[in-house]
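Got chain A; can you put chain B on it based on the hints?
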Amino acid sequence: MAIKDKLSGNEAIAVAMRQIDPDVVAAFPITPSTEVPQYFSQFVANGQVHTEFVAVESEHSAMSACIGAEAAGARTMTATSSQGLALMWEMLYIAASLRLPIVMSVINRALSGPINIHNDHSDSMGARDSGWIQLYCENNQEAYDNLIQAIRIAEHKDVQLPVMVCYDGFITSHAVENIELIEDEKVKAFIGEYRPQHYLLDRDNPISMGPLDMPAYYFEHKRAQAEAMKNAKRVILEVAQEFEKLTGRKYGYFEEYKMEDAEVGIVIMNSTAGTAKFVVNELRKQGIKAGLIKLRVFRPFPFEELGKALSHLKAVAIMDKADSFSGAGGPLFTEVRSAMFDYAKDTKAVSYIYGLGGRDVRPDEIMSVYQDLLEIARTGQVKSTFNYLGVRE
Amino acid sequence: MGRMIEIRWHGRGGQGAKTASLLLAEAAFDTGKYVQGFPEYGPERMGAPITAYNRISDEPITIHSNIYEPDYVIVVDETLVSAVDVTAGLKKDGAIVINSAKDPEEFRPLLKGFEGKIYTIDARKISVEELGRYFPNVPMLGAIAKITKLMDEDVFIEAMERSFHHKFATKPHVIEGNMRALKRAMQEVKGL
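These protein sequence lines map, in sequence, to chains A and B.
Number 392 marks the last residue of the first sequence (numbering that gives the first Met the number 0); no jumps.
Number 191 marks the last residue of the second sequence (numbering that gives the first Met the number 0); no jumps.
The following block holds chain A by itself, in its conformation from the complex (with noise of 0.2 Å):
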């Protein structure tokens, strides 16, 4: 029986990291993640972990620890937010790249400056590229669910990269909501033992990581790299199904929620996808086809599949908690309308950034986003690709 419970996004990932006792967490504290290795510091003083847990001078220093403790062959976790994972930009790249399977929650929050402590992507957008998965977290359940399953993916042996589990500062973070928390055993019995291929104290079969890695192999272990991360997709289905059979909760890349006939639809991530759904329901009402997806896996990005989705759609707006300064729409925008060349091309793609730095997102702002979309719909014409929602100008 699944325990009902009550649980602000932090407590929920404090109580997942409980029941996940790794052997080692390495942690600094930044507004808004700082509550999660302050709740779970308790449970090492309570004794009711087995953790190492290392109380380091930065994020930088954090990170570091991490790649050391699983290059040893520990099961390692950490969270950060904001500055935090900027702090840890190189080591990010190395962690990946020594393919250890560092789980880390990312409690997202804007990046400076000005200095601002509340929610948008720019952080965990901004480490796209470093090689780890990210998985993205609509509300507190999704935080937790994701955060076990992140464990067995980053450890499969085809995958062996670490991954980000993001979920909303303070909305998600510190918000309380209902949730629906798995046995101490079951979630144990689910993640297993974890038994490295290769690492740094395994006494019979000695290695070295990270090295100088010249012309002659550099590539090889790049492509290698890149095909762990192909992996990972059918991987991370694979964990998905063996979840859902736990719990009855269903993962997949992303979520479609009344897409089958729609005519117009959304991308989006995290909590604003709960408040779109509202703003679904209440144009399903007036009769509008409207639907919307919401994107779980971004790294590996769901090319063909998320492309194929997208098809059936008169418009779709891609919406970015994060802007790229490119001046042409936050990285979600760029990816999906890539995917939509090739399996969407009927489909008229807009891009919106919203919510910068905390910006709240009204239901009524997401419904003009709908309002747009069924002007492009209606008359197929698209006045305005790059849009930004809830701003003055």
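Quick caveat, the hints were computed from the structure, so don't treat them as lab data.
Treat the hints with caution; some may be incorrect.
Claimed, not checked - Derived pair list, reagent style PhoX-like, types lysine-lysine, alpha-carbon separation capped at 25 Å:
(1) K382(A) x K347(A)
(2) K90(B) x K284(A)
(3) K148(B) x K3(A)
(4) K347(A) x K257(A)
(5) K221(A) x K232(A)
(6) K288(A) x K347(A)
(7) K189(B) x K116(B)
(8) K3(A) x K166(B)
Stated by the list, open to error - Away from chain B, derived, C-beta distances all over 10 Å, residues of chain A:
(9) V55
(10) A71
(11) V175
(12) K276
(13) K344
(14) D345
For every residue, glycine included, the Cβ atom is placed at its ideal position computed from N, Cα and C.
Positioned in the frame of chain A, the structure of chain B alone reads:
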């Protein structure tokens, strides 16, 4: 199809409005509801105005924006009535409850033409008498439970007692006083 109730809390940093919104969410959860309890974080410091929110529904809640048209507004510090637009967006058939020793109608001229119900509760008096210190949030919770009739009163009281046992696990001596403050507040709301 049950309706969704939306509540906005106005308090000052340090008074426990955020905690109160979380306690209300917990109590409503215990009675089988779907809940949200979340603060709006600003550059917080002791005494600065803060806002917190609740959504309570019989069905799952997916909306994740702030609340702009609340059914109820709770003002934990009466000096905020003139400092903040506390009735902004408050539904006409909604209600506001203010922590004050005054009578409800004394506030009507200050509430920018608000036509709905006004309630007051002297949370300071109750808190000081029952707890020996000024913690207004528990009496405010009692008042809002009474006014909204969201939950059966006995069920609400039981749920709050469980919450207190959890919250005050390390200082059980304060549970009794908080329970008295809660029950008194439910009887002493003015404007019913």
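Hint-by-hint comparison with the structure:
The suggested pairing of K382(A) with K347(A) holds, with an alpha-carbon distance near 11 Å, which does not exceed 25 Å. In summary, the hint linking K90(B) to K284(A) is supported, as the alpha carbons are separated by about 23 Å, within the 25 Å threshold. Only pairs whose Cα atoms come within 25 Å are accepted, and K148(B) paired with K3(A) is accepted, the gap being roughly 24 Å. For the hint linking K347(A) to K257(A), the alpha-carbon distance of about 19 Å falls within 25 Å, and the restraint holds.
For the proposed pair K221(A) and K232(A), the alpha carbon gap of about 18 Å is at most 25 Å, so the pair holds. Distance hint between K288(A) and K347(A) is fulfilled; the C-alpha atoms sit about 16 Å from each other, no more than 25 Å. The straight-line distance between the Cα atoms of K189(B) and K116(B) is roughly 11 Å, inside the 25 Å bound, and the hint therefore holds. For the proposed pair K3(A) and K166(B), the alpha carbon gap of about 18 Å is at most 25 Å, so the pair holds.
With a least beta-carbon separation of about 26 Å from chain B, V55(A) lies farther than 10 Å from that chain, consistent with its non-interface assignment. Non-interface status of A71(A) relative to chain B is upheld: no Cβ of that chain comes within 10 Å, the nearest being about 38 Å off. Its closest Cβ contact with chain B, about 4 Å, brings V175(A) to no more than 10 Å, contrary to its assignment away from the interface. Distance check for K276(A) against chain B: the nearest CB is about 5 Å away, which does not clear 10 Å, and the non-interface claim fails.
No Cβ of chain B approaches the Cβ of K344(A) within 10 Å, the least distance being about 32 Å, so the stated non-interface status holds. The Cβ of D345(A) sits about 30 Å from the closest Cβ of chain B, beyond the 10 Å cut-off, so the non-interface label holds.
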